[in-house]
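Undergrad: For reference, the chains in residue letters:
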Amino acid sequence: MQHMASELGSQMYDLARRLYPICRSITGEGVRKTLKILQESIPLEIKEVPSGTEVFDWVVPLEWNIREAWIKDEKGEKVVDFANHNLHILNYSIPYRGKLSLKALKEHIFCLPEKPDLIPYRTSYYNRNWGFCMTYEQLQTLEEGTYEVFIDATLASGCLNYGELVIPGESDEEFLLSTHICHPSLANDNLSGMVLLTHLAQAVLSRKNYYSYRFLFIPGTIGSITWLALNQGVLPRIKGGLVASLVGDPAPFHFKKSRRGNSTLDQVVQYVLEHSNFPFEILDFHPYGYDERQFCSPGIDLAVGNLTRSIFGYPEYHTSADNLDFISARDLSISYEVYLSVIQHWDCNQTYLNLSPMGEPQLGKRGLYQAIGGQSDSHEQQMAMLWILNQSDGSHTLLDVARKSGIPLFTLQKVAGILQQKKLLQRIH
Amino acid sequence: MQHMASELGSQMYDLARRLYPICRSITGEGVRKTLKILQESIPLEIKEVPSGTEVFDWVVPLEWNIREAWIKDEKGEKVVDFANHNLHILNYSIPYRGKLSLKALKEHIFCLPEKPDLIPYRTSYYNRNWGFCMTYEQLQTLEEGTYEVFIDATLASGCLNYGELVIPGESDEEFLLSTHICHPSLANDNLSGMVLLTHLAQAVLSRKNYYSYRFLFIPGTIGSITWLALNQGVLPRIKGGLVASLVGDPAPFHFKKSRRGNSTLDQVVQYVLEHSNFPFEILDFHPYGYDERQFCSPGIDLAVGNLTRSIFGYPEYHTSADNLDFISARDLSISYEVYLSVIQHWDCNQTYLNLSPMGEPQLGKRGLYQAIGGQSDSHEQQMAMLWILNQSDGSHTLLDVARKSGIPLFTLQKVAGILQQKKLLQRIH
Amino acid sequence: MQHMASELGSQMYDLARRLYPICRSITGEGVRKTLKILQESIPLEIKEVPSGTEVFDWVVPLEWNIREAWIKDEKGEKVVDFANHNLHILNYSIPYRGKLSLKALKEHIFCLPEKPDLIPYRTSYYNRNWGFCMTYEQLQTLEEGTYEVFIDATLASGCLNYGELVIPGESDEEFLLSTHICHPSLANDNLSGMVLLTHLAQAVLSRKNYYSYRFLFIPGTIGSITWLALNQGVLPRIKGGLVASLVGDPAPFHFKKSRRGNSTLDQVVQYVLEHSNFPFEILDFHPYGYDERQFCSPGIDLAVGNLTRSIFGYPEYHTSADNLDFISARDLSISYEVYLSVIQHWDCNQTYLNLSPMGEPQLGKRGLYQAIGGQSDSHEQQMAMLWILNQSDGSHTLLDVARKSGIPLFTLQKVAGILQQKKLLQRIH
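Respectively, the protein sequence lines represent chains A, B and C. The working numbering applies: residue 1 is where the first sequence begins, and numbers increase by one. The working numbering applies: residue 1 is where the second sequence begins, and numbers increase by one. The working numbering applies: residue 1 is where the third sequence begins, and numbers increase by one.
Careful: at least some of the hints might be erroneous.
Pairs count within a copy or across copies, as identical chains cannot be separated in the list.
Calculated pairs, DSSO-like style, for lysine-lysine (alpha carbon to alpha carbon, straight line, at most 30 Å) [as the list claims (entries may be wrong)]: (1) K404 <-> K239; (2) K115 <-> K78; (3) K47 <-> K365; (4) K78 <-> K208; (5) K106 <-> K365.
Treat the hints as calculated values from the structure; they're not laboratory data.
Using the sequences and the hints, build the whole thing.
TA: Structure representation (structure tokens):
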């Protein structure tokens with residue numbers, strides 16, 4: 001497991017490294033290029049929604065593409081060049097060509113005086129503007145004079161793209177896994193989420209699943225709003241889900257619960273974290289963060305939480321320091337392990353009905369004591385039988401039984417399978 | 001504020017001083033005189049209910065008035081004289097004239113051996129009797145001999161009076177404020193409640209209110225029972241209320257919750273106390289105390305609590321030591337401040353419906369980031385928008401949102417107003 | 001009380017001593033003999049259900065009777081003889097006569113290597129087998145050679161017997177008390193339960209009861225399943241109950257709650273234990289133990305708990321050390337006292353309706369202050385009146401009032417009786 005995890009971690013890290021240089025935004029070529037690379041690993045469908053499409057209170061914006069952007073000083077030397085770092089350009093900058101004084105230019109420069117050596121990440125999706133981001137240190141070196149600015153970008157009718165993969169299970173009830181793909185050259189936020197969900201999808205593809213699993217690789221906010229608006233018929237089938245972000249750094253896990261607060265999703269993730277060996281913290285829902293804001297808006301109200309390592313706002317957040325050095329193969333593999341465990345627990349958290357509920361059924365005549373394997377396990381498995389039979393009145397999930405009995409969920413699942421074969425139990429949910 | 005409070009405190013104290021010498025009871029001239037003085041400050045309506053009126057399980061009693069009462073010793077010297085202290089007479093004494101031995105007289109004397117220098121306060125409303133109250137020290141000085149007793153009182157058909165003031169708000173749903181006015185010459189119990197509600201009514205009159213506010217100045221027990229019996233049609237509109245008593249002394253606040261225990265009233269008062277700078281204690285409902293006993297009887301069951309400083313039973317309780325020295329302008333003004341804060345919080349604790357509940361509404365296009373004022377406040381106000389929009393599914397009050405978000409209720413109210421203007425929110429309750 | 005308890009304890013102990021030598025099982029002569037002895041104390045009805053009767057998922061087994069059983073060595077000396085101890089025979093052994101090598105014999109010998117001086121108690125009700133139980137020490141002394149085995153037992157069509165006693169109360173709603181009678185020569189498990197319920201039934205017979213009380217003396221598992229299957233019409237009337245077992249040893253009380261977890265039964269037993277002077281522990285329901293397993297199976301789900309001293313699995317459990325030295329008259333009487341207190345509290349835990357619920361009723365005109373006895377009690381009784389009147393809206397039991405008010409349940413019951421006489425209160429449950 002350790003070895004596999006380490007191999008998986010390296011694969012995830014390598015994928016993050018490959019995606020890092022691409023300039024992504026909420027629309028445009030960078031998004032498509034990213035999704036195509038993910039298609040090499042999983043059978044992702046790339047969707048497109050035309051600019052101008054009305055989605056709830058929003059409208060899909062014009063597509064943004066950028067080719068070149070720089071500022072030259074009076075000597076004709078480029079003092080800032082988008083070719084050097086994707087963060088240098090204000091994301092969604094309009095095209096611009098002109099000459100300005102330093103003072104006028106500064107109106108369009110973003111930097112972080114309190115973190116003078118870092119380039120900030122800034123966007124202006126819905127407010128037409130142009131600008132550059134640079135370190136505060138560099139800004140200090142700019143001398144008075146006239147600067148030439150060139151931004152070769154287009155804002156034109158096109159589409160919003162996202163990737164979607166539905167892995168059907170025995171039931172058409174779904175578990176949702178969503179991650180935002182709009183950030184350029186930020187490693188933890190959110191190449192980590194993208195590579196984790198890519199490999200998690202591979203694992204789910206190789207499992208026999210009871211639930212169906214839906215993976216979304218979408219631009220933040222407008223992406224989830226677009227998907228929700230166009231897939232309202234799907235929503236009643238989504239029984240739980242997670243937004244994956246910030247999963248590559250070494251911080252303890254942070255699970256922000258769904259708006260519902262005590263849904264099965266919330267219970268499963270807490271159970272998994274409590275039984276993992278990793279430090280963690282549980283946070284109540286709050287209406288800011290990632291796309292759980294949309295999935296948990298009052299008219300949608302899905303049981304979707306957000307499971308991260310760091311929480312947003314960490315020192316490197318939305319700066320050039322959130323780079324490939326900030327994440328590691330090891331931490332990606334640890335996050336993967338916990339996410340996979342959530343899915344494994346979610347998928348076996350069935351609700352059963354005892355078909356012989358009047359008194360205990362006679363286990364002996366069905367050979368159920370013998371059906372039980374190794375002597376050392378047999379006591380726990382016999383207790384598991386009694387617990388499952390006693391609690392299976394249709395109102396308790398296996399997780400409820402695990403909580404009450406202290407018996408691991410996987411043991412209960414195994415024993416429930418035996419009782420099902422003996423026609424003592426029927427899965428009802 | 002401090003200055004205003006101190007001015008208000010002095011006004012309240014002065015009013016208490018003016019009312020102190022009047023001999024009040026559950027009926028009679030003293031009550032009418034008291035209510036007329038209050039009418040100088042607020043447009044109180046003085047109601048009268050005839051003796052003999054049946055009110056639930058009770059009957060409005062005969063009206064009691066007293067002019068003179070004394071005990072003379074053999075030398076003809078008055079050893080006790082009602083003219084010296086209202087507490088000297090057993091409240092509701094029947095008229096009496098006669099000569100008695102000291103032994104026979106003692107059957108009609110009430111004193112407090114454990115507090116030998118205090119005159120107790122005693123009543124005999126429903127049990128025809130006569131009597132005097134005096135200090136134990138004085139009783140010890142009475143020599144053997146014959147005493148002459150004279151009580152010039154009348155118990156005759158008349159009426160029960162109470163004062164009522166309804167201040168209509170935008171809604172006809174009501175908040176009730178009730179105080180008992182039957183005690184003679186006891187300062188904390190309950191001139192303090194009477195003067196606080198008088199000034200609070202002035203404040204409510206000067207506010208623009210969402211709720212309607214009903215103030216009752218009523219005799220204890222029989223007064224609230226009478227009012228309830230004659231106003232049953234009003235009861236469904238009363239959404240919360242407080243019984244005001246014991247609000248002039250320096251003890252920490254004590255909030256005795258309503259019988260319902262977790263009504264909005266209970267939540268609001270607890271929130272106000274938690275956010276005040278004053279020490280306080282929360283007590284579960286218990287069926288003895290003041291008129292909350294009646295408002296919280298099982299067939300009435302209003303969300304009415306009792307907010308006091310001391311709780312009844314303090315050392316000076318129902319004795320001559322509960323005098324004008326026991327209360328202060330400062331403590332009256334502190335109690336006023338907390339009561340006013342309860343009303344302010346109650347009045348803005350609306351429930352809203354998000355009119356754009358599918359995903360987050362696009363705030364930018366409505367200029368809602370710009371609508372936000374000073375830079376330092378803007379983060380909290382933006383969080384307030386997200387919280388209100390997320391929680392406004394019709395099942396959460398603003399106070400619920402304040403609790404979850406940690407954002408002050410008044411900030412939420414202000415932001416809710418902005419969102420209402422932008423047609424993103426509708427008040428539903 | 002102490003003396004009475006001690007007398008009762010001795011009577012219970014003496015009865016246990018008389019029943020100890022009888023070889024009981026789930027069927028057979030030993031059970032009938034036992035029940036007939038109990039009939040000398042209480043008017044128990046002895047029921048019989050024929051072998052082969054289908055009861056839910058089970059079938060009433062053939063009746064087992066045993067007369068003689070021994071193992072002789074080559075010298076013809078009995079090395080093990082059932083006549084010496086009932087535990088020597090595997091309970092429900094089939095008849096057998098034969099000669100075996102030591103090695104072959106050992107396949108049929110049960111002992112406890114970790115408790116080498118104790119004889120274990122073993123059964124094989126549903127798996128046809130024969131066998132002997134002995135101490136490990138004795139097993140070690142057996143020399144190689146041929147052994148002669150003789151078991152004079154019969155497994156034949158007959159019946160399953162149990163004892164039943166219904167003591168009708170004012171209401172046909174029932175409280176169930178059940179104890180298992182199938183164990184041979186084990187004192188705490190469960191002669192203690194049998195003798196306790198016998199004497200408890202005497203106490204209930206001598207009381208005037210509101211509820212009806214049903215006592216069951218039944219073989220474990222198959223007995224309760226049989227009773228349940230044949231008495232399904234009774235089940236809706238059973239509002240609570242206890243399984244009595246392990247009540248003769250000095251361990252603290254252990255109350256295993258019913259499956260419902262917070263039923264009135266659970267509340268009453270906890271209240272009694274909290275107000276007793278004995279140490280105790282409350283355990284959540286778990287689906288193994290005694291016949292509460294059947295009473296709390298999901299299709300039955302009665303509010304039945306299990307109140308013991310030790311919990312099963314103690315060192316002497318199911319061995320020859322669970323003998324008459326392990327229990328005492330003193331501990332039997334302590335357990336009896338707590339069981340009786342449960343019944344006393346259960347029986348007076350009524351729910352009332354205040355017939356004058358609008359405001360407080362006028363107690364004075366009904367002489368209710370005078371109705372109250374000794375001065376020292378009067379304050380508590382007056383508080384009790386107010387509490388009962390306030391809470392009696394039909395949704396609170398007297399126990400709820402006791403919890404909220406801190407007033408003992410018995411005081412509340414007494415005061416409720418007075419209020420009933422005065423037509424202020426009506427019992428509705």
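Undergrad: All hints, please: hold or fail.
TA: Do the hints match the structure? See the list:
Taking CA atoms no more than 30 Å apart as the test, K404 paired with K239 passes in both settings, with 23 Å inside one copy and 25 Å between copies. Proximity of K115 to K78 under the C-alpha cut-off of 30 Å is restricted to the intra-copy arrangement: shortest distance 23 Å within a copy versus 89 Å between copies. Taking the closest pair of Cα atoms, K47 and K365 come within 30 Å of each other only across two copies (26 Å); inside a single copy the shortest separation is 57 Å, beyond that limit. For the homomeric pair K78 and K208, neither the shortest alpha-carbon distance inside one copy (56 Å) nor that between copies (62 Å) is at most 30 Å.
Taking the shortest alpha-carbon separations for K106 and K365, only the inter-copy value of 26 Å comes in at or below 30 Å, while the best intra-copy value is 85 Å.
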